[in-house]
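Protein chains: 2
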Amino acid sequence: MLQWLKLYRRDQLPGDISAGLVVAMMMIPQGMAYAMVAGLSPVVGIYASILPPIVYALFGSSMTQSVGPMAIISLMTAAVIGPMAPAGSALAGVLAAQLALVSGAVLLLCGLLRMGFLANFFSRPVMSGFTVGSAIVIAFDQLHTLLGAELPHWHAPSAALGIGALALLVLARLYGAGLLKRCGLPPVVADIGAKLAPMIVVLGGIALMSATSLADMGVRTTGAIPAGLPHLNLASSSSHWRALLQPGLLIGFIVFLMSMSGAQALALKRNEKLVSNHELIGLGAANVASALSGGFPVTGSLSRSAVNFAAGANTPLASLITAALLACALLAPTGWLSLLPLPVLAATIIVAVLGMLEMGILRTAWQYDRGDALAWGATCLGVLVLGVEAGVIIGVALSMGTLIWRASRPHIAVLGRIAGTEHFRNIERYPAETQPELLVLRIDANLFFGNVEAVSQRIECELATHPSARHLVLVMSAVSSIDTTALMALAELNQSVKRRQIGLHLAEVKGPVMDRLRNSTLLPELNGKLFLSTANAWDQLHTVKDVA
Amino acid sequence: MLQWLKLYRRDQLPGDISAGLVVAMMMIPQGMAYAMVAGLSPVVGIYASILPPIVYALFGSSMTQSVGPMAIISLMTAAVIGPMAPAGSALAGVLAAQLALVSGAVLLLCGLLRMGFLANFFSRPVMSGFTVGSAIVIAFDQLHTLLGAELPHWHAPSAALGIGALALLVLARLYGAGLLKRCGLPPVVADIGAKLAPMIVVLGGIALMSATSLADMGVRTTGAIPAGLPHLNLASSSSHWRALLQPGLLIGFIVFLMSMSGAQALALKRNEKLVSNHELIGLGAANVASALSGGFPVTGSLSRSAVNFAAGANTPLASLITAALLACALLAPTGWLSLLPLPVLAATIIVAVLGMLEMGILRTAWQYDRGDALAWGATCLGVLVLGVEAGVIIGVALSMGTLIWRASRPHIAVLGRIAGTEHFRNIERYPAETQPELLVLRIDANLFFGNVEAVSQRIECELATHPSARHLVLVMSAVSSIDTTALMALAELNQSVKRRQIGLHLAEVKGPVMDRLRNSTLLPELNGKLFLSTANAWDQLHTVKDVA
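Line by line, the protein sequences are chains A and B.
Start counting at 1 in the first sequence, then tack on 556, and there's your number in my numbering.
Start counting at 1 in the second sequence, then tack on 556, and there's your number in my numbering.
Be a bit skeptical, because a hint or two may be false.
Calculated lysine-lysine pairs in the DSS-like style (CA-CA distance at most 25 Å, straight line) [claimed, not checked]:
no. : chain 1 : residue 1 : chain 2 : residue 2
1   : B       : 1066      : B       : 829
2   : A       : 737       : A       : 829
3   : B       : 829       : B       : 737
4   : B       : 1066      : B       : 1085
5   : B       : 1085      : A       : 1054
6   : B       : 1085      : B       : 1054
7   : A       : 829       : B       : 1054
8   : A       : 1054      : B       : 825
9   : A       : 825       : B       : 829
10  : A       : 562       : A       : 829
11  : B       : 737       : B       : 562
12  : B       : 1066      : A       : 1066
13  : A       : 1085      : A       : 1054
14  : A       : 825       : A       : 562
15  : A       : 1066      : A       : 1085
Rather than coming from a laboratory, the hints here were simulated on the basis of the structure.
One chain only, chain A, in its complex shape (with noise of 0.2 Å):
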């Protein structure tokens, strides 16, 4: 905690400052927009973007890391407070913001249990296809008020509006970078430039706003914003706690995974460690903060945590500087930003979320393995057909029935020794010598609850295409752990072959399986011996059958 502030040096200081400013910039418009895809006002994205990352900054472990409001989130938060109350209600603000404290809470919780493996809990394919599903569905719940009307009707002065400011950005992220190059801009600068052109169109919007009679036309604006910083805000119906419970698990869920797939890219680049227990705590008490502060769900943003990356942060600085300027800019008159046109704050969502769009991964999905691709397919689809909350879900699910379905079908060899060696390979594959009576097999596999009606079904099927063994190996070299529900599966088989007089041996057991072993009653009541080394195995059994 704080560490990076003990170890500051003066150099990094022109680097935080630079990305400060730029992000700050971009926190502006993205903030409001992202508050109004929660169906909250506008200004309760900047109250967002204020208390979470100055937290974030003192637990957090990422250096570059951007903490904030974040589409996907944000349509989370609609999906659940939207039913709930109408949206840019008093209520939804709050309703918003306990949603905030219960994921911070959970977050929180589940730090100090130290269950940071949760973010292991989706495969890339299927947090891409979550992602481009909830891009699909934000983009697509913008249109109308894009075009100022409920489709298929549109109102002609918001739709031009929307559609220019559309225009203008899409050219912008195609073509401001390289136009700004060619100006003579450094290639860092020119990209971090053309990152700012929503916040020029937001500016051009408010100036068209001020200067024409738009707004006289019926387009509509964000309305007065409170000048002043946020207040605590939770005074609130305890009725709603409940129903907020379970919503909040997933938002906290996914709050974590968003944050750390992107802070795992950027710390990738910088060479940088993440703890994602830390991780868990930094986004929990952000959360917790966002709440106090009269905001809602926020999570590390990777588009913005890369502009913050390429703009110079270097340490958690830079945020805090973002966060002074959103405050600066709260206390400062406020008048201005009432005149944003709803239809340009719309225009800047769809472009921030056509952004997240990426194909790559199912593509390569799809070249390598149609399991992975397909379940990309499904939680896409889940997100768009079924909503966010059910996409989550089926992400989940997915990944792990393609886990438990790979670990449903483990790898088992039959033993043989190549000739006048000690080794011993995989008979389907190596001319190796067997002998009748010994039955030797290769678990390829951790033992668990996942594989172990396999395993046994599979040495069941060997010992009756093998009916004249009498010794049956079990080499363990490959199983690193065995689960209370495969022990008791060996127990049972070791019962089965001993009713039909069939000796059960381990071999080449490792040094942590055998510690857990002995706390159990299968050593003791094992019908036959413990071998170092499947040599040993075959070498003593054959003997025994040669003296009998």
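Since the structure of chain A is provided, determine the placement of chain B on it from the hints.
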């Protein structure tokens, strides 16, 4: 399908007839009791015991499974339909049948998609915790029927009858078989005879009600039972289907798990092989049949199947005989059954579920693996505090959580060469020689999304502690699969070491893994070579160094 009929031998008939008879006598009180647990009219339990076992005999794969009402499935049914319709109402019956249809359809679909691997989603400790929690909930729910009034009140005549029946049943359970044996009955017959105690106590209760004025004193009975076979009963308000979809899915899942765990235990004793995909189809068809005959969700019951097995059942003919006998019972005058006192029925339920309070698995887990014991406790507590549906979800989450948590700590060994040999071993455990410019890591786990971050971090950590390494060799002898997420992480590792001018080499890649990798861009972009053996890598990379 029906293979057993083609191979039927005459000497199998006596066993099947005796088992059919015994199970029918068990089924009448049990069916009625479990219908009561589900909040349905008792006769529904008998309906659900006729068509489902017949259909299961046609499609299932277990020879001795007795399919019909089961306590935990009834509890889950009650949890779903309880809030939607008053207990015992006609609507409750329609909803229960709809629920069976949804569960059956889900099971059939899973069977057709060959998703038998779903049986591997619960670890045994979680399954046991779920069963024990459910048993306690069921027993507690029956207390008010046993005592004839809502707690803390009680209705003296009902309570006397209920507690009397309970005492008799407990005594029969504890001493019944021993007593019968001392009377000279053979052990098997004595054990089976003791299992018929519920039927005898029920008959005694009916006799008592008809002989005394207990009914006038307010002891409730099952009431009029319509004679005749069930008829199609799915006229329904379509608005309910949606509400039943998710619970139907969960119930289908538990129907499958409960049936499989029971059937597996029996199949093991008979050296029979269960085909999980056939089981899905058999159970799915049985539930659809239950729905079409006015029943409710059914499954294979371990306790009843064990009696079926012990009473001599050789083939599903035993179940067909049971079904025929129950159909006859319904066609005969059913007036006598209407006198069955509910407190006695409650007593049979309580004794039946007390038999589920099996603590052996918890004991084993506690000794062997505290994590599994905690999962037992959390699942049991989840059922008790949050209900049976939440219990299923908690159970799956804990099973998966344990899995991902274990996966997130993969074993990776730094290898060195045993001097003068071609053997490579973990340098922490063996005195092995290393080369400063060569870092050889053996990855002892399949690479997938659950451990990919941990593996990457460990590799970076080893690179940091071996700053002189110019070549990183990953020994893949223990890696049987690499999923898309892991493939992408390997590609990132490749880019990352390339930037640092370190070679990335792969050794001992298994055949199937190599086939997969050929479909990716990792191999052409690899900043190093593939080696058949670690020794090859050691020699060649060493030589390169020497020459340089």
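Checklist entry - For this structure, which hints from the list above don't hold up? => result 1, 2, 3, 5, 9, 11
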